[in-house]
Amino acid sequence: MSEELICITCPRGCHLAIERGAKGEFEVSGNRCPRGANYAREELTAPKRTVTATARLAGRERDLSSYKPRRVPVRTVGPIPKEKIGELLAAIYALEVALPVARGDALMKDALGTGVDVIATRSIS
Amino acid sequence: MRELKFDAAVIGGGAAGMAAALELQARGLSCAIIEREDHLGGILTQCIHNGFGLIEFNEELAGPEFAERFEEKVRKTAITPFCGATVIEMEVEGEDKLLSCASPQGVMRIRARAVILAMGCRERNRGNIRIPGSRPSGVYTAGLAQRLVNIEGYIPGKDIVIIGSGDIGLIMARRMSWVGCKVHAVVEIQPYPSGLTRNIVQCLNDFGIPLYLSHLTTSIYGNERVEGVEVTPLENGALALDKSFKIPCDTVLLSVGLVPENELSKKLGVEINPMTNGAWVDSTLMTNIPGVFACGNVLHVHDLVDFVVEEARRAGGFAAEWLSGKRPAKEIRVKSGPNVRYVNPSRLDPSRDNKLYMRTLIVKNDATLEVKLNNKVVRSVKKNHVQPSEMLSFSLGPAELEASVGIPDSVLEISIQ
Numbered sequence: 006m007s008e009e010l011i012c013i014t015c016p017r018g019c020h021l022a023i024e025r026g027a028k029g030e031f032e033v034s035g036n037r038c039p040r041g042a043n044y045a046r047e048e049l050t051a052p053k054r055t056v057t058a059t060a061r062l063a064g065r066e067r068d069l070s071s072y073k074p075r076r077v078p079v080r081t082v083g084p085i086p087k088e089k090i091g092e093l094l095a096a097i098y099a100l101e102v103a104l105p106v107a108r109g110d111a112l113m114k115d116a117l118g119t120g121v122d123v124i125a126t127r128s129i130s
Numbered sequence: 413m414r415e416l417k418f419d420a421a422v423i424g425g426g427a428a429g430m431a432a433a434l435e436l437q438a439r440g441l442s443c444a445i446i447e448r449e450d451h452l453g454g455i456l457t458q459c460i461h462n463g464f465g466l467i468e469f470n471e472e473l474a475g476p477e478f479a480e481r482f483e484e485k486v487r488k489t490a491i492t493p494f495c496g497a498t499v500i501e502m503e504v505e506g507e508d509k510l511l512s513c514a515s516p517q518g519v520m521r522i523r524a525r526a527v528i529l530a531m532g533c534r535e536r537n538r539g540n541i542r543i544p545g546s547r548p549s550g551v552y553t554a555g556l557a558q559r560l561v562n563i564e565g566y567i568p569g570k571d572i573v574i575i576g577s578g579d580i581g582l583i584m585a586r587r588m589s590w591v592g593c594k595v596h597a598v599v600e601i602q603p604y605p606s607g608l609t610r611n612i613v614q615c616l617n618d619f620g621i622p623l624y625l626s627h628l629t630t631s632i633y634g635n636e637r638v639e640g641v642e643v644t645p646l647e648n649g650a651l652a653l654d655k656s657f658k659i660p661c662d663t664v665l666l667s668v669g670l671v672p673e674n675e676l677s678k679k680l681g682v683e684i685n686p687m688t689n690g691a692w693v694d695s696t697l698m699t700n701i702p703g704v705f706a707c708g709n710v711l712h713v714h715d716l717v718d719f720v721v722e723e724a725r726r727a728g729g730f731a732a733e734w735l736s737g738k739r740p741a742k743e744i745r746v747k748s749g750p751n752v753r754y755v756n757p758s759r760l761d762p763s764r765d766n767k768l769y770m771r772t773l774i775v776k777n778d779a780t781l782e783v784k785l786n787n788k789v790v791r792s793v794k795k796n797h798v799q800p801s802e803m804l805s806f807s808l809g810p811a812e813l814e815a816s817v818g819i820p821d822s823v824l825e826i827s828i829q
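Chains A and B, in that order, are what the protein sequence lines are.
First residue of the first sequence? That's 6 in the working numbering, and the numbers climb one at a time after it.
First residue of the second sequence? That's 413 in the working numbering, and the numbers climb one at a time after it.
Hints were generated in silico from the structure; no laboratory data involved.
Hints may be right or wrong, so weigh each one.
Quick list of in silico lysine-lysine cross-link-like pairs, BS3-like style, CA-CA up to 30 Å [said to hold, decoys possible]:
#1 A:LYS87 with B:LYS485
#2 A:LYS73 with B:LYS784
#3 A:LYS73 with B:LYS485
#4 A:LYS73 with B:LYS488
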């Protein structure tokens with residue numbers, strides 16, 4: 006069975022066709038450079054994404070007095086396996102971050118055992 | 413009225429404004445930034461996704477991180493940022509420019525010899541693309557929804573249709589999916605997406621969101637609240653009304669392009685290029701008003717903030733040179749040739765290296781970018797792939813341009829084949 010992917014390594018966006026061999030090896034066609042084959046292999050075996058989201062700031066939810074951010078933006082330091090994204094988002098939304106928070110603060114260490122931290126991407130006091 | 417004097421005033425405290433101000437400061441000039449929000453950083457503050465800074469910092473940062481790194485540099489210098497301050501009027505008095513500002517400290521006036529326009533751009537809205545139908549609540553521009561979700565913590569709706577496939581719309585498709593909404597479709601009038609391909613893959617395909625190319629939104633339904641949109645395919649340029657279909661939703665997000673915010677510039681008499689909606693600028697990024705420079709998204713809409721800061725730094729440097737009395741001895745006119753939408757700047761200085769940014773009108777693999785000086789090819793570059801949504805950049809220097817010496821009214825034409 007042939008699978009299809011669009012390569013996201015560069016703006017050319019090659020349309021890749023991938024055949025799986027008997028021993029699980031991949032044969033990639035449609036790529037105009039070797040990076041396409043690597044992308045296809047990784048995307049089909051262990052797809053990963055960097056996750057960005059926002060977390061609640063303690064005490065800010067009801068603060069309507071003036072313009073103040075009510076959420077702190079966060080991101081994973083590196084990509085995590087795609088299938089863990091839903092669980093990670095739920096964990097981020099359950100956080101209650103105490104003020105002040107500084108850019109780079111680890112809000113979750115080794116999130117869900119992926120070895121990847123979740124950090125704040127903005128300083129808010 | 414309080415009057416303050418600086419060598420240069422920068423209007424806008426986003427990425428462009430901060431980068432330009434830092435360059436002016438580094439060259440020993442006094443400089444103010446006038447920013448209408450109550451903090452520096454501009455639109456980056458609400459762009460919480462990653463992918464910023466690959467060129468500038470060699471890292472993939474989220475928007476707020478990129479902005480904060482620049483803000484920290486600004487705060488370490490003598491640059492004076494006025495936040496919560498809006499320039500309401502600009503006038504020229506001899507060599508000086510006078511900026512009347514409304515600020516939390518009251519109305520004040522800033523006097524400076526050089527001004528850098530760095531006001532960025534704003535979104536086109538429903539009125540700009542004339543979508544018929546009723547006027548219920550639930551119609552937002554994608555950037556407004558981005559601000560509501562990412563900064564203020566409100567979710568504007570549950571069932572969403574996105575009109576236009578610009579990058580902000582695609583990024584918002586992923587964001588809305590990740591906050592628990594259902595994005596039912598992205599509708600694009602063009603036969604190709606207007607956003608970057610990698611965003612189609614990461615933001616739509618990952619979530620199984622259908623992208624309707626060559627489709628027009630022909631109506632928005634709903635009385636109090638949006639109830640759905642009517643979508644009609646375009647066949648051979650005509651609406652196939654018998655094939656219209658309805659997508660139920662409670663929220664519509666518009667990602668239908670950005671327009672440089674030049675109201676203030678126009679009032680001052682700055683001439684605007686209709687292809688970019690930004691100022692016409694010479695080889696030093698100076699507008700037709702001596703001492704008024706433009707950079708970043710107010711000059712032309714960029715794809716990447718990394719390009720914005722590169723351009724803004726040059727604008728700051730050129731403003732510093734202008735303040736010290738330096739002027740280009742000679743300039744060559746730049747013309748957009750076949751398949752080129754625009755080229756910035758529209759004048760080049762043949763005595764030094766010039767950086768150019770341009771956009772093509774076509775989607776093509778294995779294209780050739782050709783530069784002709786007075787109808788003679790001086791440079792030919794192979795491009796693996798060109799498309800309107802990906803800005804092209806390159807440099808031209810004395811090697812290509814010296815043939816113009818001695819020839820009056822030299823013209824440089826750039827084309828894509």
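Legend entry - A:LYS73 paired with B:LYS784 [C-alpha distance capped at 30 Å]: violated, 53 Å
Legend entry - Pair hint outcome, A:LYS73 versus B:LYS488 [Cα-Cα no greater than 30 Å]: holds, 24 Å
Inset, instruction - Compare the distance between the alpha carbons of A:LYS73 and B:LYS485 with 30 Å, and conclude whether the hinted pair is satisfied. - result: holds, 23 Å
Inset, instruction - Take a quick look at whether A:LYS87 and B:LYS485 sit within 30 Å of each other, Cα to Cα. - result: At roughly 36 Å apart (the allowed maximum being 30 Å), B:LYS485 and A:LYS87 break the hint.
Hint violations for this structure: numbers 1 and 2, all remaining hints satisfied.
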